[in-house]
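Visitor: Protein chains in written order, with the numbering used here: chain A, 1 to 326; chain B, 1 to 326.
Since the hints were derived computationally from the structure, they do not count as laboratory data.
Take the hints with a grain of salt, since some may be wrong.
Stated by the list, open to error - Heads up, incomplete: computed chain A residues facing chain B, CB under 7 Å, no partners named: (1) G52; (2) P53; (3) T55; (4) E56; (5) M57; (6) D85; (7) Q86; (8) L87; (9) D94.
Unchecked claim - Under the rule of at most 25 Å between Cα atoms (straight-line distance), these lysine-lysine pairs were calculated in the DSS-like manner: (10) B:K269 to B:K249; (11) A:K307 to B:K307; (12) A:K269 to B:K307; (13) B:K269 to A:K307; (14) B:K292 to B:K307; (15) A:K269 to B:K269; (16) B:K307 to B:K269.
What the hints assert, rightly or not - Over 12 Å on every C-beta distance to chain A, these chain B residues come out as not near it, computed from the model: (17) D40; (18) S200; (19) N290; (20) F294.
The structure presented is a predicted model; accordingly, all values stated were derived computationally and were not measured.
Built from N, CA and C at the ideal position, the CB exists for glycine as well.
The residues making up each chain are set out below.
There are 2 protein chains.
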Amino acid sequence: MTHSVQLLGISNAIVDVLVHVDQAFLDTIGAPPGSMTLIDEKQARDIYSKMGPATEMSGGSVANTVAGFANLGGSAAYIGKVRNDQLGDIFNHDMNSLGVNIRLPAATSGPPTARSHILITEDGQRTMQTYLGACLELALADITEATVGNPQLILLEGYVWDIAEGPALARKAAEIARGNGTSVSLSLSDSFCVQRHRDSFEDFVRNDVDIVVADEDEIHALLDTDNIDDAIAKCRSYGKVFAITRSEKGSVIVEGDTCVEQAATPVAKVVDSTGAGDAYSAGFLFGWVNGKTFSECAQYGTFCATKVIQQLGARIEKGLLLSGSN
Amino acid sequence: MTHSVQLLGISNAIVDVLVHVDQAFLDTIGAPPGSMTLIDEKQARDIYSKMGPATEMSGGSVANTVAGFANLGGSAAYIGKVRNDQLGDIFNHDMNSLGVNIRLPAATSGPPTARSHILITEDGQRTMQTYLGACLELALADITEATVGNPQLILLEGYVWDIAEGPALARKAAEIARGNGTSVSLSLSDSFCVQRHRDSFEDFVRNDVDIVVADEDEIHALLDTDNIDDAIAKCRSYGKVFAITRSEKGSVIVEGDTCVEQAATPVAKVVDSTGAGDAYSAGFLFGWVNGKTFSECAQYGTFCATKVIQQLGARIEKGLLLSGSN
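Looking at chain A on its own, in the form it has when it is part of the complex (with noise of 0.2 Å):
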């Protein structure tokens, strides 16, 4: 079967909004360092106001990812929903920008474009604040023969479980895929996120999904977990690919019997983590839609990874090209 394109993502359509601020600020607004709380429209002006200046980007987990694989020469498409603002204008343009096809129009109602404000403290590590705005009216409807085609792949992410409709749509893209030829892939986002839908996303991935990335937190939390070994053990039974992202102690594949370790690239300064297990997604999933080895593709992602986190903001650069090599 020809695929109409080679990864569609299914996922929460966000603009970024990055500040550099101090632990105290953390302790004011009473966030976990390193967390991501969803907040309401009115939540989301007050950290707005308590904040400095601010850079936005577009942003969204699989978002990204979809935006690296794209960079990366991969040919993708996208399922999310902004609002006909200028800030769902800046996420369409950017994702346009990079040849990615957008498949639903801008709502011409309801809540505003989705941000996230991502406080960034000097050791490089994020808080996220997220207002999902228009991402919450993303709807079962939106998910059709039409508007997911027949992808070699589909990318779905954790988050799209906070959508009243999000589990119903993300259980119908996998049966149109299934229709299709298409492979299924979920990131698990965050292990908060893992924690409120466990079971649900248990089910999906035996299911479902051919393909899971996640970072160790977010494993344990699937797994229920809590050493990387007993980890690997119980993904081993699942028969599906996981790739396990695991910060500076680099990386693990694990299909069945099938267990690849990839070192992490050592870098002189984390600039800001955001986004670098997108961008490790970014990587492996363009090697592995180009049918390259898991060692390959553990690479890709690691040189992904290893790219963004020396920069502000969660998207690689435009123009990263893959050597092949690490």
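Take the given structure of chain A and dock chain B to it, following the hints.
Guide: Positioned in the frame of chain A, the structure of chain B alone reads:
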């Protein structure tokens, strides 16, 4: 007389849309490298649709200076026109978060908040395509005793002359200043802008201005000179303060018989020259309002400019502290 704030900026309120491009892109759109071109809404849509993923940050030349000045610990206020849209919110937020007092409400109708597409080439040079939008609505009626108050210093920019009522509102501001013991400074913006309004600038500098900040091209355009010695000689005859930036050649401050030269600080790599002059002005004027010598003012300016060219974007990171020496 007690001044309410140290610095009041009156200028175009703009959000920057920063993107990395290659030389071929500038050729495609027919933009001379390093130029600033005013474009209309249709041209803005066209260029935006052609360019890659971008980063959005508050900008505007004198607005950058005001933000930098506030960042250094100065008290500041601002007069400029944004629309009540998302980009306008971003602009005002970023000013407010630095403690800058915004003197005009956002417009509730009319064109959207201005944006400048800043095209950054590999050598760090920026070429600007600016859609003025709401800025063009800044009117004579916006300049009143109430909105101006009695700052220690007003800073206007040459770009204000591109607004229909710009020359008139600049004169009105200068008139209010005279009655309040307020000094007036003018940033010449760019050499093409000087050429557009040369006679009016000449007259304004002679009659209403105490301090001119300009780069070498701008000062030559104003004084009809082509070498720095001739320019300095002509500056002497005005009896005003001229702070002239000369890129890697440093800067020179002229007032009558006084002439102070300040060397530039060598940097390993210019990331983005956007805002170098604006940052210099912030440091220079911060020194000036605090009664520093010209030499100290020039050192402050150099320190700020050196910082800003080593980062992406036109505004210095929050919390930059002047050590008092370079």
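Visitor: Decide, hint by hint, whether the structure agrees.
Guide: Each hint, compared with the structure:
no.	hint	verdict
1	G52	holds, 5 Å
2	P53	holds, 4 Å
3	T55	holds, 5 Å
4	E56	holds, 4 Å
5	M57	holds, 5 Å
6	D85	holds, 6 Å
7	Q86	holds, 4 Å
8	L87	holds, 5 Å
9	D94	holds, 4 Å
10	B:K269 to B:K249	holds, 16 Å
11	A:K307 to B:K307	holds, 23 Å
12	A:K269 to B:K307	holds, 18 Å
13	B:K269 to A:K307	holds, 18 Å
14	B:K292 to B:K307	holds, 21 Å
15	A:K269 to B:K269	holds, 18 Å
16	B:K307 to B:K269	holds, 11 Å
17	D40	holds, 17 Å
18	S200	holds, 33 Å
19	N290	holds, 23 Å
20	F294	holds, 29 Å
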